[in-house]
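Novice: Full structure from sequences and hints, please.
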Amino acid sequence: MTQPDPATTYAPPPEGHVSHSRLERVLRSGRFAITAELNPPDSADPADVYEAAQPLSEVVDAINATDASGANCHMSSIGISALLTRAGYSPVYQISCRDRNRIAIQGDVLGAAAMGVSNVLCLTGDGVGVGDQPGAKPVFDFDSISLLRTIRTMRDEKVFLSGRKITNPPQLFLGAAENPCIEPHDWRPDRLAKKIKAGAEFIQTNYIYDIPLFEKFMARVRDLGLDKQVYILPGVGPLASARAARWMRSNVPGIHIPDDVIKRMEGAEKPGAEGKKICIELIQQIREIAGVSGVHVMAYRKEHQVSEIIHESGILGTRIK
Amino acid sequence: MYRLRLFAIRHSRAFEWIYRRVEQTLVAMDPLFARIGYERVERPVALVEKAVKTVLFDCKMCGQCVLSSTGMSCPMNCPKQLRNGPCGGVRPGAYCEVKPEMKCVWALAWDGASRMKNGSQITEVLPPVERNLEGSSSWLRVSREKAVHLREAREARRTTIAMAFSGARKVEPSTAPLVEEPEAAHRDVTIDPPAGAKADVKGDKT
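Same order as they appear, the protein sequences are chains A and B.
Here the first sequence is numbered in the numbering used here, starting from 18 and rising by one per residue.
Here the second sequence is numbered in the numbering used here, starting from 50 and rising by one per residue.
Honestly, the hints are just simulated from the structure, not real lab data.
The model shown is predicted, which means the values in this text are computed figures rather than measured ones.
Glycine residues also receive a C-beta, built at the ideal position from the N, C-alpha and C atoms.
Mixed in with the good hints there might be a few duds.
[Stated by the list, open to error] Okay, the calculated beta carbon distance ranges per label pair: (1) G142/B to P151/A: 20 to 26 Å; (2) H202/A to R89/B: 47 to 53 Å; (3) E75/A to M50/B: 54 to 60 Å; (4) V101/B to N268/A: 37 to 43 Å; (5) A307/A to A213/B: 56 to 62 Å; (6) Y67/A to G184/B: 48 to 54 Å.
[To be verified] Short derived list, chain B residues pointing at chain A, Cβ under 7 Å: (7) F56; (8) V115; (9) K129; (10) N133; (11) A143; (12) E146; (13) P149; (14) K166; (15) Q170; (16) V174; (17) P176; (18) G184.
Specialist: Listed below in structure tokens is the structure:
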């Protein structure tokens, strides 16, 4: 397919699409999409970004550039996204509402789109208290849902929130997060519906380790017909050890790991290998659940492992990269 | 205060009813407020509103109250001040990510909304908070907007009747049967009312 290079030229998206995103094309064509998270470097050297992106680029449709996740300071998501588009990779530009207000965010959205970014993931963001600089001022001018609606308005109505015109609107495939295994379980699907209403076109979830709970969530999602309105990519990731899993569970917001998974990690001779095995099994189980459109792999500081996990899980199938 | 807030959410349906009555009363008082001047009643009403809502809902006087869309659980008590929550960090037992000793404001909101008559309002996407409205009376703004809206609707109808029955206008004012007008007629009247009709409406007002 000869597409104009979105990193350097402004052109309308393909018919029936909202963006030039590869992820959007894959999802709309009904293929099982794969995304993965890139761990941002604590460095100003672009080589560090490319080093982390390289193993991912071979196996994924889009690479997520995190926006100070866990309220820890790293290279910015917009910087990483720009570097990735320069190299021809397709980033998912994550925007958290924690650190910037509506003026900054709307400007950054235009900037990112101009640099060739075609996917965004709208997040509320973790509280500053859990991060490395707990004294920072939390902003939260938007929440993830009002942010979605704002970017959709910029894209479709061609105006800023103020009503001022945008001559060439950003062409972005809009994503949001969901955390199906966290309370209030009963209302999570309803909030997902709200995200769709606000403009979400794809969903990447937080880590799923509890398949029965996730299946229950998906059953409700299907009952509401939401799986037909949005592409859902459940999040998975390898655990390093039982200790790390326990630490994550009690220190990282929004992570639910059932006891039997931790027990399995404890009983393993090689916890690292067991963590990877669990992750592969999770991917295979998740793939069988109706309404799932892909998978999102998050491996903290282990980009090389992502490639192995994806290959070994068999989800690439007959795909020629 | 926290306990009272939980109480209000538990009885969200009753508070929803009370809230509607308060609103209706304020809407009914619009002519009086308009005569005194809204800018002059703003301060006393805001003071009363603050006192009542602080006790009941831990109100932060954001100036754009959305309690009836959030199960009577004030979203300004969410440490992230989300208007469309909950976030993904809720702790086991539905406790807050940032303040672990507090129940998640938004878990409570969905719960409260499920008991309310118009609870489905919680599914509406709410806009971000306008910080420049902080401290102003939300009650007054909402009731004033509603009063203006009602007045406009009423006057549009009256104008139409006045145009159709110009002679009868003064003797049968608002009690005249309100027939739905075809859209085209409506448009003509609202955009460019005939001089006579306009004068009639003005005469009716004074």
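Novice: Would you mind marking each hint as holding or not holding in the structure?
Specialist: Tested hints:
no. : hint                         : in the structure
1   : G142/B to P151/A: 20 to 26 Å : holds (23 Å)
2   : H202/A to R89/B: 47 to 53 Å  : holds (50 Å)
3   : E75/A to M50/B: 54 to 60 Å   : holds (56 Å)
4   : V101/B to N268/A: 37 to 43 Å : holds (40 Å)
5   : A307/A to A213/B: 56 to 62 Å : holds (60 Å)
6   : Y67/A to G184/B: 48 to 54 Å  : holds (50 Å)
7   : F56                          : violated (19 Å)
8   : V115                         : violated (12 Å)
9   : K129                         : holds (5 Å)
10  : N133                         : holds (4 Å)
11  : A143                         : holds (4 Å)
12  : E146                         : holds (5 Å)
13  : P149                         : violated (10 Å)
14  : K166                         : violated (18 Å)
15  : Q170                         : violated (12 Å)
16  : V174                         : holds (5 Å)
17  : P176                         : holds (6 Å)
18  : G184                         : violated (18 Å)
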